[in-house]
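Quick note, the sequences are listed as chains A and B, same order.
Take any residue in the first sequence, note its place counting from 1, add 9, and you have its number in my numbering.
Take any residue in the second sequence, note its place counting from 1, add 3, and you have its number in my numbering.
Simulated from the structure, these hints should not be mistaken for laboratory data.
Virtual Cβ for every residue (Gly too), placed ideally from N, Cα, C.
Be a bit skeptical, because a hint or two may be false.
Partner residues aside, some chain B positions facing chain A, computed with beta carbon under 8 Å [to be verified]:
#, residue
1, 71
2, 234
3, 252
Mimicking DSS-like on lysine-lysine, the simulated pairs with C-alpha atoms at most 30 Å apart in a straight line are [claimed, not checked]:
#, chain 1, residue 1, chain 2, residue 2
4, A, 24, A, 143
5, B, 330, B, 313
6, A, 28, B, 266
7, A, 24, B, 266
8, A, 227, A, 143
9, A, 227, A, 158
Spelled out from the first residue to the last, the chains are:
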Amino acid sequence: MSVAAQKRYTAKDFKSAVKPIWCPGCGDYAVLNALAKALAELGRPPEEIAIVSGIGCSSRIPAYTSVYGFHGVHGRALPLATGLKLARPDLTVIVTGGDGDGFSIGGNHFLHACRRNVDLTYVVMDNQVYGMTKGQASPTTPPDWEGSKLTPEGTGVNPFQPLAIGLAAGANFVARCFSGDPNNMAAILLEGIRHPGFSLIQVLSPCITFRPEQMEWKRVVRTAPVDFTEDAARAARRLMTDDGFNVGKVLYRGSRPAYAHERPARATSLAELEREFSL
Amino acid sequence: MALRSVSIALAGSGGAGVVTAGAALQEAAARAGWHALMSRSAGPQIRGGEAAALPGLGGTLVQAEDELASINQIIGASWGGVPALTATSGPGLSLMTESIGLAVAAEVPVVIVDVMRGGPSTGIPTKSEQSDLDIAIHGLHGDAPHLVVAPVSIGDCLFATQWAVALAEALQAPAIVLGDQRLGQARAVIERPGDFVFAARRMVYEGGAEAAAYRRYAITASGVSPMARPGGAGGQYTADGLEHDEAGVPSSRAADHAAQLDKRARKLECHDYGEHWAVIEGEGELALLAWGSSVPPCREALERLREAGKPARLVAMRLLSPAQPEKLARALAGVTRVLVVEQSHSGQFHRYLRGSFDLPGEVRSLHRPGPLPIRPAEVCDAVRGWAMP
Chain A
10 MSVAAQKRYT AKDFKSAVKP IWCPGCGDYA VLNALAKALA ELGRPPEEIA
60 IVSGIGCSSR IPAYTSVYGF HGVHGRALPL ATGLKLARPD LTVIVTGGDG
110 DGFSIGGNHF LHACRRNVDL TYVVMDNQVY GMTKGQASPT TPPDWEGSKL
160 TPEGTGVNPF QPLAIGLAAG ANFVARCFSG DPNNMAAILL EGIRHPGFSL
210 IQVLSPCITF RPEQMEWKRV VRTAPVDFTE DAARAARRLM TDDGFNVGKV
260 LYRGSRPAYA HERPARATSL AELEREFSL
Chain B
4 MALRSVSIAL AGSGGAGVVT AGAALQEAAA RAGWHALMSR SAGPQIRGGE
54 AAALPGLGGT LVQAEDELAS INQIIGASWG GVPALTATSG PGLSLMTESI
104 GLAVAAEVPV VIVDVMRGGP STGIPTKSEQ SDLDIAIHGL HGDAPHLVVA
154 PVSIGDCLFA TQWAVALAEA LQAPAIVLGD QRLGQARAVI ERPGDFVFAA
204 RRMVYEGGAE AAAYRRYAIT ASGVSPMARP GGAGGQYTAD GLEHDEAGVP
254 SSRAADHAAQ LDKRARKLEC HDYGEHWAVI EGEGELALLA WGSSVPPCRE
304 ALERLREAGK PARLVAMRLL SPAQPEKLAR ALAGVTRVLV VEQSHSGQFH
354 RYLRGSFDLP GEVRSLHRPG PLPIRPAEVC DAVRGWAMP
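Excised from the complex, chain A in its bound form:
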């Protein structure tokens, strides 16, 4: 570890001067603060951390931090982060985004990132709505939500269950937290970052502009009644039977080693490879 890494950091060291575009009251402010706090506690200097995101309100986070950031295209943050982490395993790589970015346009990458288990931490700010485009139903929106002009009678489609699906696909760490409890969130983010392999953290982060009823979430959420399990079947059962508001705890910790597909060299030099082609 470098000398710089031994410096004590504060959350302020991980924030930039760029002003967020978010609406007043958005849950993402608290996620940004918790992330900065978690990174300060991690103790690595800002330049050794990269945050990668796609498109959406929450995907704006990288520019609001002082670390290396990549704000890519809609739905492709996970593969971009996968390439970065495999090329640069020395970096701490975090992926941030929303429910639309991650589970709709990016759904296939989500499945394969979980099963590939590259050492990434994926923080999904779930507000059950496309906020940036002014309020359409997202994959996690309940079927009877009538707040969108696009689907005024609701979508009639059952919501995507990110944690159960992530667990089934092979995510190595699964947790849910609430943006209204930033200290707890910071602790869980730090735990996810430190856990090897693919860590999936769902943050219930209200969009009070397009889902004002989510202001009730602070009264609805409860601390999950049990601690984490290392038994995926048990974790799956809990996830399939809860109402989505058990927060503040890690739900599952797996022990699969992080992705490393080292290929043995069959030649030690280019000259040796070239000789294979000679007549």
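Please arrange chain B on chain A, whose structure you already have, making use of the hints.
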């Protein structure tokens, strides 16, 4: 930071067999110091070719779930400081185009090899055609300057790909290498290629200044601005597909948009591509103008025409985009007849030449679709009866 040597490669499904050009591509990669490759396709580029050969020097292998993933994986790897390449065939290139635009906007060097086959849609997998020229040159939304390079022979796959890597790195822009099944799955005996050394390198920000002073997308005379590498203190910035100002902060201001568009265009316009832009052979008032796998039959036709007392010259374009109209004009000095040869139903190359270059004298176009190869006799027939001055 010491760069770790990683090959991040993707193997698709497909048959077996040794593929000369595929192997040449892989060697070009290694020679160019290119360490990361990701691809997902069952197209001609992967069937028994480079997928088997690439990680010859060891490294990490990742099989991407789709082409949307592979293009973004190489963008991530390259942004991390490791030169990166992916290979695909036509449909895969279509899937990748949005993110190739991201590499343009965020100024991340990447190389995409498209081994073309008959299209559109699933088309004729995997038989040869040169019909991805339009999408390679014009397929990105927005004004998105990038490079398009094509090998002029199997042996040239090595040089052309290595040159494309060097150009992408130097210009911090995506480069598309257009091969086709005829180049990618044919065998040929070639002379051992020499060692190519390209002076062009990625301009890396070495730090030193205050973090607040570093501007990733600084407006410079050449359009190229130093690129910080994650891990480097003081270089932190957010790469962005959103239009941005010089510091990389998202901006929708007209002045920032114009300045960044100019910067990205200037990088490619100001670069000196030297003599590598084309291979020129022979002399005469008749010129054959071709690219990719249409070049070898033209070369043979050139011989036949010479034997028949009709000397001609061949201009085989290796750099397809950005267009080099002045170089082509010099190459065609004294020419009064031009035959454009390509394997595409609509004459994509001919249309491109008409739009971006001035062609001298009388111009004819020999264009037809694949999968049957263009034959030297067709080229000779096309100029037969063409009154020579």
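Here is how each hint holds up against the structure:
1. 71: holds (6 Å)
2. 234: holds (6 Å)
3. 252: holds (6 Å)
4. A:24 - A:143: Holds: residue 24 of chain A and residue 143 of chain A sit about 27 Å apart, inside 30 Å.
5. B:330 - B:313: holds (24 Å)
6. A:28 - B:266: holds (26 Å)
7. A:24 - B:266: Within the cut-off at roughly 29 Å; holds.
8. A:227 - A:143: Measuring from Cα to Cα gives roughly 23 Å; hence the hint holds.
9. A:227 - A:158: Status holds; Cα separation ~27 Å.
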